[in-house]
Amino acid sequence: MKLITTGVLARLLATTLLATTLLATTAARAEDMVFTSWGGTTQEAQTKSWAEPFTAASGIKVMQDGPTDYGKLKAMVDAGSVNWDVVDVEMDFAIKAAKDGLLEPIDFAAVPKADLDPRFTTDHAVGSFYYSFVLAWNKGAVSGDPAGWADMFDTKKFPGKRTFYKWSAPGVIEIALLADGVPADKLYPLDLDRAFKKLDTIKSDIVWWGGGAESQQLIASGEATFGQLWNGRVFALEKDGADVGVSWNQNLTAADVLVVPKGAKNKDAAMKFLAAASSPAGQAKFAEASGYAPVNTKAKAEMPADAVKALPDAHVDGQINLDMNYWAEHRDEIATRWYAWQAK
Amino acid sequence: MPAGLNGLLPALVLIVLFFVVPVLALLLRSVTEPEPGLQNYAALLGDGTYARVFFNTFLVASVVTIVTVLVAFPVAWMLAIMPSALASIVFGVIILSMWTNLLTRTYAWMVLLQRTGVINRTLMAAGIIDQPLPLINNLTGVTIGMVYIMLPFMILPLVGTLRAIDPMTLRAAALCGASPFQAFRRILLPLSLPGVAAGGLMVFVMSLGYFVTPALLGGTSNMMLAEMIAQMIQSLLNWGLGSAAAFILLVVTMALYALQLRLVGARRISGGA
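Heads up: the protein sequence lines correspond to chains A and B, in order.
Mapping of the first sequence onto our numbering: residues 1 to 344, in sequence order.
Mapping of the second sequence onto our numbering: residues 1 to 273, in sequence order.
Check each hint, because a few of them may be wrong.
[Said to hold, decoys possible] Restraint ranges, calculated between C-beta atoms of paired labels, are given here:
#, chain 1, residue 1, chain 2, residue 2, range
1, A, PRO189, B, LEU45, 46 to 54 angstroms
2, A, PRO159, B, TYR257, 45 to 53 angstroms
3, B, LEU45, A, GLY148, 42 to 50 angstroms
4, B, PRO74, A, ASP332, 48 to 56 angstroms
5, A, TYR188, B, PRO34, 41 to 49 angstroms
6, B, SER62, A, ASP313, 47 to 55 angstroms
[To be verified] Stretch-level coverage of chain A by chain B, calculated; a stretch enters the list once three of its residues show a Cβ under 8 angstroms from a Cβ in chain B:
#, segment
7, 66-75
8, 202-215
9, 221-233
Derived from the structure by calculation, the hints contain no laboratory data.
Each residue gets a CB set at the ideal place from its N, CA and C atoms; glycine is no exception.
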């Protein structure tokens with residue numbers, strides 16, 4: 001046993017870790033890069049609209065990985081072994097992660113900023129797309145059309161399971177408050193006690209969805225009769241011919257942004273990718289494929305008129321912007337209460 | 001140094017490298033992040049949520065273990081007394097299920113168990129129930145899904161033990177006037193206990209740390225510890241707290257193992273009755 005000194009052990013450990021990481025990424029070549037997003041129909045659209053044209057134009061191969069995992073992102077940055085070059089994350093996380101030093105600043109010399117919607121552009125993030133939480137239902141399973149968030153809390157009028165986003169994120173708390181009669185302009189600061197009290201009234205009727213595909217499966221199968229869904233996922237269901245209804249009443253917008261983790265190995269390629277993804281053409285193609293709204297103000301001009309009609313910005317009447325900065329600031333505090341409440 | 005120990009060296013290195021070092025790293029993280037001290041443990045122990053999740057974890061693991069034993073015992077007995085050619089086919093089927101991807105198998109249960117799933121549709125069409133049974137997103141769903149996945153781990157050690165039992169002992173019991181139930185309770189059951197204990201312990205310990213199946217088939221109100229740790233790590237990015245939770249689970253599991261060693265004896269658990 002004396003032969004195995006701590007030094008040898010440490011080196012052995014380091015080599016093993018290195019080997020595992022290399023295996024995990026199938027060893028990206030110098031100018032290749034890795035793009036990570038949430039999987040499903042969204043990432044497919046991102047691959048087709050951004051990665052494939054980008055590779056054709058630049059010769060830089062884009063490898064797809066996923067799903068986005070904030071714990072993994074932090075682990076990579078902490079360990080100094082970052083395998084992801086561009087990651088699609090929720091905007092409130094991006095603001096918090098930038099503060100925690102987990103992200104590279106965006107090189108706006110390489111990424112043209114002029115036409116990007118300033119709401120979704122920060123020093124460390126470029127908008128990916130923005131979306132709305134909408135009320136969607138399975139027409140075969142619901143009698144009558146739910147009109148708004150308040151109906152999700154009315155188990156007499158609308159019996160059956162309802163589905164909400166499982167993770168602590170902007171959306172469900174606001175929905176509960178709106179349903180409880182809080183006016184849209186008085187949502188923030190969030191009254192958590194009131195929100196959880198409202199949620200308590202339907203807790204046993206809630207089925208949680210953890211990812212977009214799950215939300216689609218729950219509604220399409222009628223396992224949940226209605227729920228809070230990302231508009232793009234409803235759009236995909238409609239395209240597939242599923243019998244779903246949707247209400248845009250008080251639709252809640254939030255955004256995904258693209259970030260580059262601190263210490264990403266292919267930073268230059270990543271910045272070039274960001275430029276392509278946020279370009280009018282890239283944004284227009286993705287918006288058309290996904291039903292999510294573009295973050296480049298010039299993109300809509302390049303889209304067919306009927307595709308523009310499917311976007312959240314066709315429903316600005318009564319639309320509510322979720323406050324990403326409020327969430328970034330109170331993320332941990334809300335999350336702690338959220339998970340404690342869920343486990344109750 | 002006895003010659004045999006040299007041969008053990010690679011195994012020792014593996015255990016140190018892949019078990020002892022990571023566990024120490026985990027322990028270290030739990031007392032150094034975000035700052036040195038025991039605040040993570042204090043936060044967990046003073047928090048009702050954590051206690052509830054901890055209780056749930058042991059509840060689910062216990063229920064799963066008991067149901068697994070009840071289902072596995074008759075199967076194992078059948079395998080033990082079957083002609084060996086037939087038994088190897090049944091073994092093949094059991095092992096084959098272990099080769100199928102865990103996620104796929106869990107999703108298959110979702111399709112079967114959901115409100116509009118195969119089971120509920122059939123029962124409703126047959127007029128046995130009017131309302132779909134709540135089989136998913138609750139303890140029932142988790143139990144069904146996990147028992148299915150754990151069965152091979154119970155059946156395999158149990159068959160070994162049962163095969164070693166001389167069938168003549170049962171015949172002797174019958175000749176002495178024992179009813180089949182008496183023969184089972186007084187002969188077969190006591191003799192098979194080492195197998196039940198070995199399999200049961202394995203199932204229980206594996207269930208304690210299970211993640212995928214409870215996450216997909218369970219609801220949040222019977223959340224298990226692994227899922228809570230995942231939230232701490234992934235969503236809250238609070239690794240100190242997650243490490244502390246994981247470490248407590250590890251310590252309790254080891255303590256239970258030690259207790260069982262005391263009660264049943266190590267040789268019997270390892271199958272060498």
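Query raised in the report: Looking at the structure, which of the earlier hints fail to hold?
Result: Numbers 1, 5 - these are the hints that the structure violates, sorted from lowest upward.
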